[in-house]
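> Here are the chains, one letter per residue:
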Amino acid sequence: MNRAANGGAVAGYPQERTLADARFSFSRTGHTVLLFLHAVLFLGNAQGDWKLFVKVYKDKWLNRAAKEVKRMRTVALVEDEEAVSRGMQRMLKQFEQTHGCPLDVTAFSSAESFLDAAEKKPFEIVLMDIDLPGMNGMEAARFLRRRDRLAVLIFTTNLSQYAVQGYEVQAMDYCLKPVSYAMLEMKLFRAVQLSARQGDAEIRINTRDGFVRVASETVISVEIYQHHIVYHTENGDYQSYGTMKQVMEELPPVGFFRATASYVVNLRHVKQLSGLDIVMGDRHVPLSRLRKKEFMEAMNQYLNGRMEGGREYAG
Amino acid sequence: MQVDTGFLGFLQNDLSVLLTLAACLTINLWHAEKRPYFWARLAGAFLIVMGYCLVINKVIGPTPVPTKLWQTVAKYVGILALAIVGVHLCFRISWSGAMLYSASAFCVEHISQRGTGLLTTLFTGLSSYGRLVLCVVAMLCVGLYFLFFFQRSADHREVSDRRIKIVEVSVCLLVVLTDIVFSFTFIYFAVSHSASVMLPWSNGASVLFSLLALIIARCHEDIVNRAYEIGALNRKQMEERKQYQRDQAVVESLNQKAHDLKHRLSALQPHLNQQEWDDLYQTVEAYDEVSRTGNAALDALLTAKAQLCRSQNIVFTRMVDGHAFSFLSEWEIYALFGNILDNAINAATQVPDAEKRLISLTTSVTHGLLSIHEENYYAGELVFQGKLPVTSTNDPMNHGFGMKSIQQIVANYEGDLQIHIRDDVFSLDILLPLPQQRDSIAGSPGGAFPEDTQRA
Numbered sequence: 001m002n003r004a005a006n007g008g009a010v011a012g013y014p015q016e017r018t019l020a021d022a023r024f025s026f027s028r029t030g031h032t033v034l035l036f037l038h039a040v041l042f043l044g045n046a047q048g049d050w051k052l053f054v055k056v057y058k059d060k061w062l063n064r065a066a067k068e069v070k071r072m073r074t075v076a077l078v079e080d081e082e083a084v085s086r087g088m089q090r091m092l093k094q095f096e097q098t099h100g101c102p103l104d105v106t107a108f109s110s111a112e113s114f115l116d117a118a119e120k121k122p123f124e125i126v127l128m129d130i131d132l133p134g135m136n137g138m139e140a141a142r143f144l145r146r147r148d149r150l151a152v153l154i155f156t157t158n159l160s161q162y163a164v165q166g167y168e169v170q171a172m173d174y175c176l177k178p179v180s181y182a183m184l185e186m187k188l189f190r191a192v193q194l195s196a197r198q199g200d201a202e203i204r205i206n207t208r209d210g211f212v213r214v215a216s217e218t219v220i221s222v223e224i225y226q227h228h229i230v231y232h233t234e235n236g237d238y239q240s241y242g243t244m245k246q247v248m249e250e251l252p253p254v255g256f257f258r259a260t261a262s263y264v265v266n267l268r269h270v271k272q273l274s275g276l277d278i279v280m281g282d283r284h285v286p287l288s289r290l291r292k293k294e295f296m297e298a299m300n301q302y303l304n305g306r307m308e309g310g311r312e313y314a315g
Numbered sequence: 001m002q003v004d005t006g007f008l009g010f011l012q013n014d015l016s017v018l019l020t021l022a023a024c025l026t027i028n029l030w031h032a033e034k035r036p037y038f039w040a041r042l043a044g045a046f047l048i049v050m051g052y053c054l055v056i057n058k059v060i061g062p063t064p065v066p067t068k069l070w071q072t073v074a075k076y077v078g079i080l081a082l083a084i085v086g087v088h089l090c091f092r093i094s095w096s097g098a099m100l101y102s103a104s105a106f107c108v109e110h111i112s113q114r115g116t117g118l119l120t121t122l123f124t125g126l127s128s129y130g131r132l133v134l135c136v137v138a139m140l141c142v143g144l145y146f147l148f149f150f151q152r153s154a155d156h157r158e159v160s161d162r163r164i165k166i167v168e169v170s171v172c173l174l175v176v177l178t179d180i181v182f183s184f185t186f187i188y189f190a191v192s193h194s195a196s197v198m199l200p201w202s203n204g205a206s207v208l209f210s211l212l213a214l215i216i217a218r219c220h221e222d223i224v225n226r227a228y229e230i231g232a233l234n235r236k237q238m239e240e241r242k243q244y245q246r247d248q249a250v251v252e253s254l255n256q257k258a259h260d261l262k263h264r265l266s267a268l269q270p271h272l273n274q275q276e277w278d279d280l281y282q283t284v285e286a287y288d289e290v291s292r293t294g295n296a297a298l299d300a301l302l303t304a305k306a307q308l309c310r311s312q313n314i315v316f317t318r319m320v321d322g323h324a325f326s327f328l329s330e331w332e333i334y335a336l337f338g339n340i341l342d343n344a345i346n347a348a349t350q351v352p353d354a355e356k357r358l359i360s361l362t363t364s365v366t367h368g369l370l371s372i373h374e375e376n377y378y379a380g381e382l383v384f385q386g387k388l389p390v391t392s393t394n395d396p397m398n399h400g401f402g403m404k405s406i407q408q409i410v411a412n413y414e415g416d417l418q419i420h421i422r423d424d425v426f427s428l429d430i431l432l433p434l435p436q437q438r439d440s441i442a443g444s445p446g447g448a449f450p451e452d453t454q455r456a
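Residue numbers (our numbering), protein chains in the order written: chain Y, 1 to 315; chain X, 1 to 456.
It should be emphasised that the hints constitute simulated quantities derived from the structure, not laboratory data. A few of these clues could be false.
Unchecked claim - Between beta-carbon pairs, the in silico distance windows are:
| no. | chain 1 | residue 1 | chain 2 | residue 2 | range |
| --- | --- | --- | --- | --- | --- |
| 1 | Y | 241 | X | 294 | 51 to 61 Å |
| 2 | X | 31 | Y | 162 | 49 to 59 Å |
| 3 | Y | 147 | X | 349 | 38 to 48 Å |
| 4 | Y | 249 | X | 30 | 53 to 63 Å |
Stated by the list, open to error - DMTMM-like cross-link-like pairs, simulated, lysine to aspartate or glutamate; straight-line CA separation at most 25 Å:
| no. | chain 1 | residue 1 | chain 2 | residue 2 |
| --- | --- | --- | --- | --- |
| 5 | Y | 70 | Y | 80 |
| 6 | Y | 177 | X | 221 |
| 7 | Y | 177 | X | 424 |
Unchecked claim - Only part of the chain X face toward chain Y is listed, based on derived beta-carbon distances under 7 Å:
| no. | residue |
| --- | --- |
| 8 | 315 |
| 9 | 321 |
| 10 | 351 |
| 11 | 355 |
| 12 | 356 |
| 13 | 358 |
| 14 | 416 |
| 15 | 431 |
No residue lacks a Cβ here, since even glycine has one placed at the ideal position from N, Cα and C.
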């Protein structure tokens, strides 16, 4: 660049005070705005591939979550060997103390006695030894599943090859004997998360005939058309008036997903995803591509018993 | 306009140009492979460029404006050319790579010069501090350049793809044409025709062109990195696939023998007490750990990983329904599960507490969706490469690839991937929609209104 002889600026042209003319202020600001936009483009580009990202959550115990964890879980321990059973019960106590999660543990020494008891009082978590005298654990699991699809089932075994087919009875996982506390803790914690229910959450629906209280678990979906709301539940439909915002405020934050502007679905009742449609019973709820992504995210959260609200109500 | 043509002139004008160029080239070539006698070559290159500037300043003479347009253009083209040659001779870089780096360094220099020009016209009070402004602006530009262009990874990736080379050469030509030829032509015409009102436009346009060239250069870096990663991933997968196939054959025969052995040993059972029998059985059991998930690729992979875990004293429990994964190709299965388990194994091996060397892998199908869950204890801090978590290992590069590969596959199927951390437990949850034919259930999309009270 050539330096002006008057010792002035290093601009590539001689100094002209007339350039400060207001006529050109627009071009100058125009230039700076364009520069700024380019800088922004640049920044965006330099961040790399923003489309793929992994959602990482540090599990924070929200108040709601903490309450659910503290709720007592009924646990059945089916183990025929005395020593092993006592050891497991000790570990369960240790788990209780470490995580502040109360467990109501009942020990059984045979599959038959467990199944009898389960019929009267269902258990939320079942720790089942596979190698039992009489009926073996896998058989017992099959019987259990006929009546109870909700119990979280963990096998214990010293041979993995019998447990690997556990998915046939929707087992959550299995522990290899001898069961260490670390192994039990890791898997039991997940069982505790999975057995978290939507709780006794109830919602109030303001119908024409007054308020109706409905367990949120029974709500299948909620539709809104202008201000007319229909709650589709297992026990029939309820009509109400209001806005979607009011509906969303009333529903619990976890487990419900806003599929479209006029449709909220209860993830619990989703039958399957067919292309871009959510299938619930005999209804198809169409999703946009973006919503499908959010649906998958919400479902992933829900299926793994994550207690945070996630993005069910995004947009 | 008088210009000092001696050494002082060089110091006043061209040194800043060369310094900016050198700074930016250093940023680009930080990790590049140096040729032998590097420092000697570098010193030589610098001396040559300095000499060139001095000589050409003398040639052009003291009054470059407005007559000596082509000489000025030639001067800067010469500087760029010398930079390219210098880079190529000092580092092991292809010519097109040298062209790209020199051109982008030139862009930065150009932006700082013209940017200063713009600033002095916008804020006329600055014009008396011209050189100071130039210094500040130049440092700012180089700083920004550092932010966006400095590669943290240790190796300099060069990919010899013709399209990439074309991009590199084109950017260089673009820079030459717009930054040097075009802008100087503009300036000299403006000055010689006393139309100095055009100068801010010219400066602004120059800066924008340079920014555009830099954006392209940055994209080029991303593309090269990605191409390199894919190449590395493919190589890794090829090797692993061969390994799995070999393993499968060996494992099959081992398992056959173990099976036979177990049967024969059962005759011994009455002669041993329970403890001895259990020990014996478990020893043989170790060789009978074949995975039969219903999916051949998955079987091979899980068996291989199970053996690996056993050798590293990691307890690996798995409950995988292979039938559900029939829609994935073999590659995808190796890539997905292979990477998940490799990451887990690497994390588990670093856990000091032997009891906590655990990996759990389960899959299930619910609500027409396929879910994969992997959990393991880990030690130390979870390190992040960008937005991807990676446990700190000796081989961070391959880990970055592994996680990206998992993500790519999940994204291809429009699935969802989440990672949760609880104290020292790492868990990974993948949800994939199962490919279905469209249901023949007739259903009104979106459904009912007051008249239709059918239950959903």
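> For a quick check of understanding: which of the numbered hints are violated here, in increasing order?
Failing hints, ascending: 5, 6 and 10.
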